[in-house]
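Residue numbers (the working numbering), protein chains in the order written: chain A, 0 to 415; chain B, 25 to 1000; chain C, 44 to 133; chain D, 2 to 185.
Hints are computed from structural coordinates only; laboratory data are not their basis.
A hint or two may mislead.
Here chain B is said to cover these stretches of chain D; the calculated rule only asks that three of the stretch's residues, wherever they fall, bring their Cβ under 8 Å from a Cβ of chain B [as the list claims (entries may be wrong)]:
(1) 51 to 61
(2) 83 to 90
(3) 115 to 125
(4) 131 to 144
In this text, all values refer to a predicted model and were calculated from it rather than measured experimentally.
Every residue gets a Cβ at the ideal spot worked out from N, C-alpha and C, and that includes glycine.
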Amino acid sequence: MRYSGWQVLKQGLTGNRGWKPAWRDPAPKAEYDVVIIGGGGHGLATAYYLAKEHGLTNIAVLEKGYLGGGNVGRNTTIVRANYGLPGNSEFYSHSLKLWEGLEQDLNYNVMHSQRGILNLFHSDGQRDAYARRGNAMVNQGDDAILMDREACRRMVPYLDYDQTRFPVFGGLYHPRGGTARHDAVAWGYARGADSRGVDLIQKCEVTGIDVENGKVIGVQTSRGAIRAKKVAMCAAGRSGQVAAMAGMRLPIESTVLQAFVTEGLKPVIDTVVTYGMGHFYISQSDKGGLVFGGDIDFYASYAARGNLHAAEHVLEAGMTLMPMIGKAKMLRSWGGIMDMSSDGSPIIDKTHIDGLYVNAGWCYGGFKATPASGHCYAHLIATDRPHEAATRHRLDRFNTGFVMDEEAKGSQHNLH
Amino acid sequence: MRIEGKGRIDAAEQIRFSFDGQRYTGFKGDTLASALLANGVRLMGRSFKYHRPRGVLTAGAEEPNALMEVGRGAAKVPNVRATVQEVYAGLEAHSQNRMGPLAYDLLSVNDLFPNFLSAGFYYKTFMWPRAFWERLYEPVIRRAAGLGALSGRHNPDHYEKAFAHCDILVIGSGPTGLMAALTAALGGADVILAEETNEFGGRLLSEDEEIDGQPGADWVGGILAALRETGRVRLMSRTTVTGAYDQGTYGALERVGLHVNGPAELPKECFWRIHARQAVLAAGALERPLAFPMNDRPGIMMASAVRSYLHRYGVVAGRKVTLFATNDDAHRTAVDLMACGIDVAGVVDSRPDAKALGDYPLYAGGEVIGTKGRKALSEITIRHNGAEQKIATDCLGMSGGWNPTLHMTCHMNGRPVWNEEITGFVPAPDAVPGLTPAGACQGTYSTAGCLAEGVEAAKRALTALGGKLPEMEIPQASDAVGGSKPLWLVKGKGRAWLDFANDVTSKDIKLAAQEAFTSVEHMKRYTTQGMAPDQGKNSNIGALAILADATGRAIPETGTTTYRPPYVPVSIAAIGAGAQGQGFAPERFTTSHDASVDRGAPMVPAGLWYRPSYFPRPGETTWRQACDREVTMTRNAVGVCDVSTLGKIDIQGPDAAAFLDFVYTNMFSTLKVGKVRYGLMLREDGHVMDDGTTARLGESHYVMTTTTAAAGEVMKHLDFVQQCHRPDLNVRFISVTEQWAQFSVVGPKSRELLNGLLDAPIDNESFPYMGCGDVSVMGVQGRLFRISFSGEHAYEIAVPARYGDALYRQLVTQAETLGGGAYGMEALNVMRIEKGFITHSEIDGRVTCFDIGMDRMVSAKKMCVGKPAAQREGLKGKHRQQLIGLKPVGAVKELTAGAHLFETDAAPTRVNDLGYVTSVAFSPTLGHFIGLGFLQDGPNRVGDVVKLVDHLRGVETRVEICSPVFIDPEGERLRG
Amino acid sequence: MRIKCPLCGDRDQREFTYMGHETYLDRPADEGWSPAWDTYLHLRDNPAGVTRDLWYHGAGCTSWLLVERDTTTHDILRVDLARDAKRGRG
Amino acid sequence: MVRLIAKSPSEGILPFEVNGLTLVELDVGPITSVAPFDGQAVAASDRLRALAGMELPKPNRSSGREGARAVWSGAGQAMVLGVAVDAAMRQHAALTDQSDAWAVFRLEGQGVEDVLARLTPLDLNPGVFKRGHVARSLLGHMSALFLRVSGEAFEIMVFRSMARTAVHEIEVAMKAVAARKALA
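Turn these sequences into a full structure, and let the hints steer you where they fit.
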């Protein structure tokens, strides 16, 4: 069923009784060409692009809970291509380009809103570091504008320019950055994959990965064994446990990241704004809630909930940067599980087991990567060659030292 | 309408306030909602999507409809629950989420087309043309959405945070909480009793009920007196416990100054971090609305809220009241109203076997199937015994039974469990370690049961604490449980609202199920059910039941419901209290701060410190003029700069040398006493962590310096290395950053200047380059280090910090007489770039010792932190970008830091990117711009010309690669 | 979250910073890069359950602590001074 | 010859009083950190006892009295306040002069715990944190040392460079507590 304004009118006139299910609820088949472990944003996107770009449709996505129940539904919805290092630069650039046609491609309104992202800086040194990054963005073909304090004042007049602890020197503006409606991304990919014949199997937990003679042959699940020619791990937040089923250890430690939303408010923040001297970023959803977050809770955790100290730091940063939000009320906080890799960048690679692939280590940046992650992972699975936008995302880069340390924090997982 | 003699308001104290510009009068003790109802105001807000007229639904913090903007100007607070806000003199409230006056909201046009605005309709349209989303659709949607408005101005009010500690935290002060607090206190525990409203007593203040033969409110008074008498109970009213966190940590929001016109110092709210060894959750229960056609009109409210308004505020919300219920509880409303002479036009009870408790028309087995009244309820239609009947009424109280207030038990991932007996969810056992739910919040609905469970829960907590258990007598009270039979949806024509605030109706839930959004989480996200300001407190269970019905499943197999913190919304200003303005991080001031300010220096943040940028002199109009002059002055005469912000770590012990050999790449055990050496420190992953000089003051005594930025990190690193890797080393270290004020004295006249102040003069013999030792300066014992960050003959002199201000002033004054003076960060930076010294602009965390040409500083003779990892192929070799100097080719206006480097004939794209510029300066010494940067295989390209491109600043120019050392490469000045 | 420092007693989490798994105590002796170093710096079991990790009581006694915790519940089962644990391991 | 004039960390901003509570700066004389070397803790303590009649304090405790006090200040470390520590102790412990590194305040008055509850996560309940008890913890975002010297008085130490912030934050807390009392 094609979605359109016309369809909304037509169905509305007939009491909305004609809308079809967005996806089927199939029973698992005995065998698939590709089994994708994890029905989150990346897994669904991978299935979608395998079907759409590579003609593979005998695919199952196995999800232990419900589709899109992981980080794709728990993030602060920011979409951007403002990385500074080779590897990340071309990858997120590729992702943003996919975002820019996503609604039309999926026939689903994911509300990708290119409202711009402003990264504030607070010293000359930070300005130069941001300039270096911004120039890398332009080198890559993306957009970046270096703004001084007065230009910031015009764009975001509500910041505290006079009293705040670390004065705003300026900002790096990324006009094509913005936000999207996170759940819709999962649903759009799910619907697109399903319509191309992919089996989306919910409440189906993978309990084992079957390997024979160095080659993957299938998976064990809570709904029985499923044979597969290729198995693609794509279970952010549980990457370590899934990889352990194949006897692997990953350069990953999982932590919690909290996010927060306020009650609905009339439009007041039109761009995404990030603070340069503490961990704080904020945007306003179309519904009116201020959506904001900060740094991870820092300790290894699978509890998907955070503690007060980290939350306080985030809200304190908000209060020093933009005290006008003080009267807004935090409505809900939640936590996602972040698979923090040893250099803060993700992994999309083959493994030492033939036919087993790994997609992991997205840290807190997986949402904006969803289209490219699916696209590049699908390419790798289908062709056994890395996509040109993801050649550096290798599993062995930690051992060789060819790391992509965007945050420049070194090998300690939780510092990225 | 106010009922004389009823309620707990202070009728002697009239309070004037306004709503939408209209002036009204209430009484002390009123909430905004009760006062408005007393004044006959029923239309209080507009709904989120359809902009339908709404009145007050509840009498508590769970209110979804009566949300208002309170206050004016920058102090305005949006989305205030009129049911919580107490009135005070001059309170100014406004309705919100409307276009035009509240009664004539233009956006209510949405209400004409509900079928086109069904659940998730926006995912299916607004996609064409693509550019219209940001330009048209989204702005329109955003303007229509949202609820109240922020002022957009800085918060003008004081908020605070505080910590509290107790043995037992009791959350809620109804019969359960009061008995729990009393038991806990009598058992010897230190207790905090937190009550959300302004008065202790909970539901007992809203009912006509006796305990131990006394009116409930009187009994409450007696218990409060007993609590006070124990001296162990901290009574916190207007305090909502908002979240449960690990190891007995609870967040709580106290409304301190929102109900008064207080002084500026009085916080509006206080966010408490309470550490409780044990806790009792006695949060009660919330009444369940009923989903029947057109159930959202002003005048339709919870039956229990009708009782609350009557008993707490002496207010009745209508003159002709009806009730629609599934249980006995709601009948109490009829009885209580009739006792006050209010006309009860009928009680519609869906149970065929319902019995009347008084003399009112009872429609047993009946249902309300329609309502009338655009801006206020005027009539209901009921179906009873197969016939339809209309009843004129202006207030309908509804009750679908109760839902335990178990939210806190979900905060640590506990999943509530379905209890068929109460047809509701109850807390999972031990969902929060140390928290015992008791009373109505775990489904015990009789007052007698609550009293007993309060005692039991407190005893459980006391037992866990190892305390004694007091003898407690359970007071006599009613054991009625208000027997209820669930009714999830009344069929009929018209929409039945579930989530009032978000305008989610039963049809939306069914549509979600029809479209495969059958998991509870999918349904919630697709329909926005439960996402509104009340977070589903009123509606989640009903929506779940309708989803269960739509998918042909029982409720427990459909799923459960969960809640995340906070229990009620918390002002960002409260959790973020203290940070506004300067409070986000401590300010660190050097001892020379005031002297620098006296000299007109702009002070700029450097981490937590402030340092002078430059020292303008008369006639200088730009920072560059001052900076150029300071550099020239220093290189030609003498300059003085406060370097106290650098980290200084005192290291002592027999193994001090071995320890330093382990943390630095180079050797320090070979350093002679009285000498200083430059040291490079790696992270264990092989990248450069920090650098600095370390002086050997004695055989087993060193003092290390770190960069300003990395001082804390290095200290932590040393602690880690010593405790976790080398506890075998007998070494002690402590920061002495704060003990010493340290100043660099730089330039050819530096020794001359010092000799004017030192009690015993120095010369090149006694203080050669990289020498150090104790000195006496103007009678004060200090330390002198002959080190340089500028390439000049230079010293750093350190004195105990109390003398810092005086010494700095002396040094600068003396320097000025020698043709020099103070210099700031700008000049310091220029001089270090001229000399090719690196800072964290260069060693940014991704750089290796190979990159900065210091790989030979990694001693082959010993192990050190980072040495193995630095040997990875990725960390060295021709592919790396390495430190180089840059100078302009031809007439170049400026170089910029952050620019990238390319071959001169290459397009400035990522694939051609060869490196980048880290630091630039105009060198007054050389008369042109210079820069430091990193270039692929850089050292082998000295003399080559490359292209510098800064897209962002519009700079594209050719530069020549050179050594990073621009001046005095032989170091003659240093040793002079 | 609260951690019972063996020296300072029960304290709020805000006094501590986290580093990572106790692997960090077992620094390999190899002077050159080796698989042991890859394991030490990067590879983790990352268990969903009981783990032991290192915390720094930076705003207290400046001790490094070895904390036994459950990553799914945040229960803290045991806290030792890391220096004692390290001495025990040799 | 001109002499260097000493300045205290909080010169010009203390003392003050808010509603019966006072905050004053203390000059405690010399401050020396004492960190006994491996196996030398007892010897160092004995030496200190001989020197100043007090032992090296156990964790979270102090020894001595006003004017000559030792406060535990971290793992294997104490600070001796008010008496110059004999250089002969050097064979037993690392001694470091910290006389100028700290700003020392005394906060005193009824309800002093209410003020500190706004500043530190410590449990300073008099039943828990008694006279002579010491804790290293946070004051706001600053590292600090707390010592209870009486039922209504604490000595608080923060790093010298942060004295202004500390005084400001204590003052704000004192005023907020006073404003609440006025409301009651």
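Each hint tested on the structure:
1. 51 to 61: violated (count 0)
2. 83 to 90: Per the Cβ count (0), the hint is violated.
3. 115 to 125: Since 6 is at least three, the answer is holds.
4. 131 to 144: holds (count 3)
Violated hints, in rising order: 1 and 2; the structure is consistent with all others.
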